[in-house]
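Asker: Order-wise, the sequence lines are chains A and B. Note that this note's numbering numbers the first sequence so that position 324 is 324, with each residue one more than the last. Plus 1000 on top of the position in the second sequence (first one is 1) and you've got this note's numbering.
These aren't lab readings, by the way, just hints derived from the structure by calculation. There could be a bad hint or two in this list.
[Claimed, not checked] With a straight-line Cα cutoff of 27 Å, these simulated DSSO-like cross-link-like pairs (lysine-lysine) come out: (1) B/K1373 to A/K263; (2) A/K263 to A/K241; (3) B/K1373 to A/K184; (4) A/K394 to A/K184; (5) B/K1312 to A/K184; (6) A/K330 to A/K246; (7) A/K187 to B/K1312.
[Said to hold, decoys possible] What the simulated footprint calls covered on chain A by chain B, stretch by stretch (three residues with Cβ under 8 Å from a Cβ of chain B suffice, anywhere in the stretch; the number is not a length): (8) 267-275; (9) 280-286.
Please read all numbers here as calculations on a predicted model, not as lab measurements. Glycine is no exception: its CB is placed at the ideal position from the N, C-alpha and C atoms.
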Amino acid sequence: MSTASKTLDANDARLSPFEGGGKMIAVGFGLGAVGLGGAAALGAGAGDHFEGFLHSYLVAFAYFLAIALGGLFFVTLQHLTRAGWSVAVRRLAEVVAGTLPVLALLSLPIVIPTFLGNHALYHWADPAARQEDHLLHHKEAYLNNTFFLIRMVVFFGFWSLLARYFLKNSTKQDETGDPEITTKQQKLSAPAMILFALTLTYGAVDLLMSLVPHWFSTIIGVYYFAGAMMSAMATLIVLAKYLQGKGKLGDIVTVDHYHDLGKLMFAFTFFWAYIAFSQFMLIWYGNIPEDTIWYAPRQVGQWIPFSIALILVHFAIPFVGVMSRHAKRKTGILLFWAIWLLFAHWMDMFYVVKPTMIIEHGGEAGMLHLSLMDPLCWVGVLGFFIAAIGMGLKKHRLVPVKDPRLTESLAFENY
Amino acid sequence: MSSAVASHEIDNTRDDPTRRAQLILGGQDFHTVTEMVAGIPEQERINRNWWFAFTLAVSLAGMFGLNIAYLFWEGTGIWGNNNPVGWGWPIVNFVFWVGIGHAGTLISAILFLLRQQWRTSINRFAEAMTIFAVVCALVFPGIHIGRPWLPYWMFPLPNQMSMWPNFRSPLLWDVFAVGTYGTVSALFWYYGLIPDLATIRDRAKTKIRKFAYGVFSLGWTGSARHWHRYERTYLILAALCTPLVLSVHSVVSFDFATAQLPGWHTTIFPPYFVAGAIFSGFAMVVTLAVPARAFFGLQNLITLRHLENMNKIILATGMMVGYAYSMEFFIAWYGANEYEGFTFFNRAFGPYAWAYWIMVSCNVISPQLFWFKKIRTTPWMMVIVCIFVNIGMWFERFVITVTSLHRDFLPSSWGYFSPTIFDIMLFVGSFGLFFTLFLLFLRWLPVVAIAEVKAGMPAAHGHHEEHGHEAEGAATHG
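Hey, can you work out the whole structure from these sequences and the hints?
Answerer: So, in structure tokens, the structure goes:
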């Protein structure tokens, strides 16, 4: 495109690394320590072999993992499609994906105990249960402690390496401006996408579906992916607004970028509903006990209003709210909906994880089992997530200043 | 057919991050684009090859009609459908044709929302194909209802007996889903045609022609007010069409997945069917676009880059289909349900293993050839791959339908389905109907969206600094 009206100075202070990153790190570590420390203390005091704590922790962990994976998908997709519009916000997505190594560390409270045979979270992690239960015995080739550990190492290793690779090359281009780097990233993006799809799917199978090891659903990977993309788009909107509020980015990220991010956020809100409906409707219609074990406890007691609220908060209300052009172009309104949907994503993860305590661990039916550990764990993981983002923002320019398609990204308009 | 690829094919498939490739080649301006496209329906003498193809298509369509007449006379017993396979080729053909019809709306609606300018050269073509495919699809359930003189019973019409269709049946949802889809696709297609029909009207040399194109261009004058309303409506129609791309084949998948039958009852069916539909739809677009562009000399409008982009979509959706196959297999094992496990084992190694492996080789393996740029950008090679994809997608529906049915839960109800000659003639005949409509479209309507292509050319944006080179004369945005 040749209509670039703005030219960029690579040393523009608005695009330089974020000075507030240090503060983000400090605050993040503070929140992380308080949140996770408090939750762990409560968990230890509960005397349930950390069962309550681990479930709360998994809700929070799956929540932020989804955002980071959504960011990684976004970056990969932009390279795969040779996108131009998104260059101005791509660095932010690269930084969000760059939290994956930190999330790999944060997976340890789940992975290590499970590997060592603690079955407070995953019933199948108990070797004795695998002997007694015919179905678990059948699945032992897949659901066993060692293979679980191996898979987690492979998945988090792949995600971390891929995220680092994209970020490293992109920031290298900030210095050299070499268009060959873009070509290289694009070449990698196609095979990376395949591995991403497989790792995300089996990650969702392992971390979420195997919570109820008798239950199965072929769509589970797509379900987790839909929520991941929606919440990643919301996160990018929040992050861009935050940085602009701090005097960064300036007019480089325009209302048209917000508009497009808003469209994608809207699209994936809708897509999530489509996938969630497909899964639910087919299981409801078939009405086979081996399928319905997952939904049945979610339709009892306190879970009834929660399930209905999930439909409203995650789909019906934002569907109407974000639909109009106005809502996506008034960035204040868009920010409101982004935060709203980030809350909806938490409800979704809570809905997916928590009833396990009833199905698998003898928790009282019909109860939400909401505890203080839920907000504490969320704040704790949020803290480390913010710190990881702060590290990225502090170190790198906020926009790929020498990306060959940046001018296109600065010039495009939604009409 | 594609040996006719012109020697003046210009390669615009190189990916250069610093600039967007040209989409309209050969130094075209607004006038030459109009000439190239509007010139086709304005030909005074109809090309002999067209007549040949048309005669063949009409003959096949006639065979289709005769078969249907015989079917109505004799009943569905003329088909291979029998216990335990009560759903045979008719449903397979229905799903196959509905799937073919998915590329059109994806290109016109979703790619429009994603600002993919390259879609303008192929959208008219693909939308037309969509409508004709939906027509072919609707024939099959229409003739399969047992009492073909009562098709209106499928609709919830108030009647003196207060009899209503079963709203819980996904087959009824199909009536609504496919009906809506056909209506909105036709509307969208016709709506896009209006400015181009007006162009042909304005160029018409005979009274009849002026009248005919005049009636259908609805008094279009091309005033700023017309354009303004046109573009607003186009955007809204695109947004309305987008969920339809997902909904139609999702509902078709519900026909199977709501059942409790192993091999049918699985939650990934809706998105998996949608991906497969787009996959087969694009394969059909490429299969037809390559000979059509050579035949009418449209290589500068439907360039190698357009074809390559479509092939990339075929590769991507083919991977999604492969993903769904593998998920189904994994869960068939992981779910530890012996009936589910048997069904999948039986698919791959039972009496229909030949069909299963045709499906896998055509749908999963053959699109992998599109990793090679050479194959992605050589017209005759891509047509071969795309024909394989279409064969594979037909077999996919065959495998899903027949393998899950032919071995019922009791071995006493096991059987082997074979089609009759009437099954085969109906399927072949449906291609006759499709090609009859398609050839009429090629002959009488603008096959490329003239106005939309022009809107993407640099001349439309008031800056001309790029002209000069032969290969770089026009539109950007790749």
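Asker: The structure should be examined with respect to each hint, and the outcome stated for every one.
Answerer: Hint-by-hint comparison with the structure:
no.	hint	result
1	B/K1373 to A/K263	32 Å, violated
2	A/K263 to A/K241	16 Å, holds
3	B/K1373 to A/K184	16 Å, holds
4	A/K394 to A/K184	26 Å, holds
5	B/K1312 to A/K184	18 Å, holds
6	A/K330 to A/K246	18 Å, holds
7	A/K187 to B/K1312	13 Å, holds
8	267-275	holds (count 3)
9	280-286	holds (count 5)
In summary, the one numbered hint that this structure violates is 1.
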